[in-house]
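Asker: These protein sequences, in sequence, are chains A and B. Here the first sequence is numbered in this note's numbering, starting from 393 and rising by one per residue. Here the second sequence is numbered in this note's numbering, starting from 393 and rising by one per residue.
Where hints are given, some of them may not hold.
Under the rule of at most 30 Å between Cα atoms (straight-line distance), these lysine-lysine pairs were calculated in the DSS-like manner [unchecked claim]:
#, chain 1, residue 1, chain 2, residue 2
1, A, Lys628, B, Lys597
2, B, Lys597, A, Lys734
3, B, Lys760, B, Lys591
4, B, Lys470, B, Lys760
5, A, Lys591, B, Lys597
6, B, Lys760, A, Lys591
7, B, Lys503, B, Lys591
So these bits of chain A aren't anywhere near chain B, every CB distance computed over 10 Å [said to hold, decoys possible]:
#, residue
8, Thr401
9, Ala402
10, Ile415
11, Arg452
12, Ala504
13, Ile581
14, Glu582
15, Lys591
16, Glu647
17, Glu727
None of these hints come from the bench; they were simulated from the model. No experiment lies behind these values; they were computed from the predicted model shown. Glycine residues also receive a C-beta, built at the ideal position from the N, C-alpha and C atoms.
There are 2 protein chains.
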Amino acid sequence: MDLNIQTLTAKFNTPLHLESGRILESYKTRYETYGTLNEDKSNVIVICHALSGSHHAAGRYQDEAKPGWWDNFIGPGKTIDTEKYFVICSNNLGSCFGSTSPMSIEPRTNKAYRFKFPVLTISDVVKAQMQLYKHLGIEHVKAVIGGSMGGMQALCYSIEYPTFADTYIAMATTAYTRPWAIALNKIAIEAIRHDPAFKNGMYEKGDLIAESLPGLAIGRMAGLIAYVGPNSMNNKFGRNYAHTDGLYELFGRFEVERYLEYNAYNFPKIFDPLSYLYICKTMNIFDASRGSDKLPDSLANVQRKLHLISFSDDVLFFPEEMEEIRDIMIELGKEDLVTYKKIESEHGHDSFLVEVDKFSDHVKAILKEIE
Amino acid sequence: MDLNIQTLTAKFNTPLHLESGRILESYKTRYETYGTLNEDKSNVIVICHALSGSHHAAGRYQDEAKPGWWDNFIGPGKTIDTEKYFVICSNNLGSCFGSTSPMSIEPRTNKAYRFKFPVLTISDVVKAQMQLYKHLGIEHVKAVIGGSMGGMQALCYSIEYPTFADTYIAMATTAYTRPWAIALNKIAIEAIRHDPAFKNGMYEKGDLIAESLPGLAIGRMAGLIAYVGPNSMNNKFGRNYAHTDGLYELFGRFEVERYLEYNAYNFPKIFDPLSYLYICKTMNIFDASRGSDKLPDSLANVQRKLHLISFSDDVLFFPEEMEEIRDIMIELGKEDLVTYKKIESEHGHDSFLVEVDKFSDHVKAILKEIE
């Protein structure tokens, strides 16, 4: 059976009131769907993407080298079975793959927002997605699933829209971003803002930027280091040397350096630096206790099952951070509404993307429960 | 009693043959001593410093705000008691505090070496120090002690000069730098080399550089993150906000961000970017098994006690890395020549600098043994 991939854009002219007090008078959401919406619109699963991800979660466009970021998880006969479910993944508000972002045109001025773009919270990002479901006539979904920043969204859904889904699955994430993750993002923020090519945010879209933006590349490098982690690096790279070239041969090149260079310097070709800054901020200020001051008060809102999945060698969002959520749920007497599974992983934070086999059966069982 | 601090420079005109095959025809070593050398020169303790450290390990110069980096450890009546011992700490070759470094004048050309400076190994750094002791008429020392890159040196001494000291103490270090630490250094290397003010290494010493070198600052930031680590950051900063100012107020400022900014942006005022690149390289290529191919073959050279001290929450050089050394020593039947202690620390990698109280008694006992 076909994945039935559809990539669409929804435009909204009703204002979006943001947590900051600011208002987006109009905005758009780029999104992708897989499978077929059934007649009573009751077979929907929502997928939430991470920092550098996009709405393109599965399938492969014509001539595309790599498929969507969770293609090993979503598709006909796969864990999230598109023969059964209608899957929706939105590009997060603020991201640079078609939804409204800092480089979008501000209607009032007819110029790009740039630094005038409002700071967004995870709640804002989720709120915009809720408008999309409303627009599509979808009032209820089977599940909300996400990892990392997508897991923050899943958690946010479970607290702020506690009966919207039958079940919520949050992976490799946290209830509030710790200083460690904020510090790693700080490298990106500082590297981007000091990059002359960034021009204090006044850069022009286009080739120049796409080819030479070391600030964003260095920021990405800090991210990659946290996503891969020490164990996985030992296994993948050890102390092997890569081929060297040119002036910096002096500094040799270990395999791990080559990996970082390759992935970091390609990143500005696909990602926008202002979006990166704004999304870092969104992640940094994420705190599920906001609005109710204390995390237990927030988690008291949870009404459907919240499934937490951590990865043993995740050094961005440590397993302890998800265990805290589980523990609070138990203290609240909500042990029936929470499950926690720590996957013995080998790929650090990235495990939620690459070690799907290790949690696939677990997720299948969760989905079986709500069939 | 007085610390009897002396800051000196020794110049050497005998060539130093480096592991790379290159030769430094002449070089100098800046060093500091504390206490008094006894008549038979038998009361010496060698201290080795870390990446950004210097020969100024203890005491306070006139008008100096902060004392030497291990002042809480070295001094009259302190753990390393200068009433008893004559303590020597050299500025590492390649570092920028007075020893020969990339910004030193190359005699042949009468210009600064810059990128023509040879890549140094830890063995080279130690070899230069050995020339200093020879110059001072010191043939044997009581102990060699160091943490982090200083620990690499202590380890190197114990393997390459196995009867030079009565005892060797290596803290918060590793027998070979793992890809994780190499990756963190990579941020510094890339940030420095893309910094326009670095001018591909052709910058001029002086105010301009000292005031505006974001590349080195960002590199330092990556270091600081690894030195402090997640646990210590949680305790020190939590999610507290700092005061914000100016354009980047938009991106708020958490306390942890303020800490990183303050320390990172002050760093280029005291440290040289070419030295930083070269020292990163020296650390990256450190492998105690070099020369004998396998770590057990290297450790087979050890003839005096090697004391290993790790810190439980060190996320730069993990305790497991020191445990590997201990395990190999035991496999070699050298269990009498190795001790290992893991300190339950709260300050990450920095614990070897700031939690001296937690290992002071242990080190005192080690020194008692060799009195």
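Asker: If a hint holds in the structure, say so; if it does not, say that too.
Answerer: These are the hints, each one checked on the structure:
{"no.": "1", "hint": "A:Lys628 <-> B:Lys597", "result": "violated, 40 Å"}
{"no.": "2", "hint": "B:Lys597 <-> A:Lys734", "result": "violated, 52 Å"}
{"no.": "3", "hint": "B:Lys760 <-> B:Lys591", "result": "violated, 52 Å"}
{"no.": "4", "hint": "B:Lys470 <-> B:Lys760", "result": "holds, 13 Å"}
{"no.": "5", "hint": "A:Lys591 <-> B:Lys597", "result": "holds, 26 Å"}
{"no.": "6", "hint": "B:Lys760 <-> A:Lys591", "result": "violated, 60 Å"}
{"no.": "7", "hint": "B:Lys503 <-> B:Lys591", "result": "holds, 16 Å"}
{"no.": "8", "hint": "Thr401", "result": "holds, 27 Å"}
{"no.": "9", "hint": "Ala402", "result": "holds, 27 Å"}
{"no.": "10", "hint": "Ile415", "result": "holds, 17 Å"}
{"no.": "11", "hint": "Arg452", "result": "holds, 30 Å"}
{"no.": "12", "hint": "Ala504", "result": "holds, 15 Å"}
{"no.": "13", "hint": "Ile581", "result": "violated, 6 Å"}
{"no.": "14", "hint": "Glu582", "result": "violated, 5 Å"}
{"no.": "15", "hint": "Lys591", "result": "holds, 13 Å"}
{"no.": "16", "hint": "Glu647", "result": "violated, 7 Å"}
{"no.": "17", "hint": "Glu727", "result": "holds, 26 Å"}
The structure shown violates the earlier hints numbered 1, 2, 3, 6, 13, 14 and 16.
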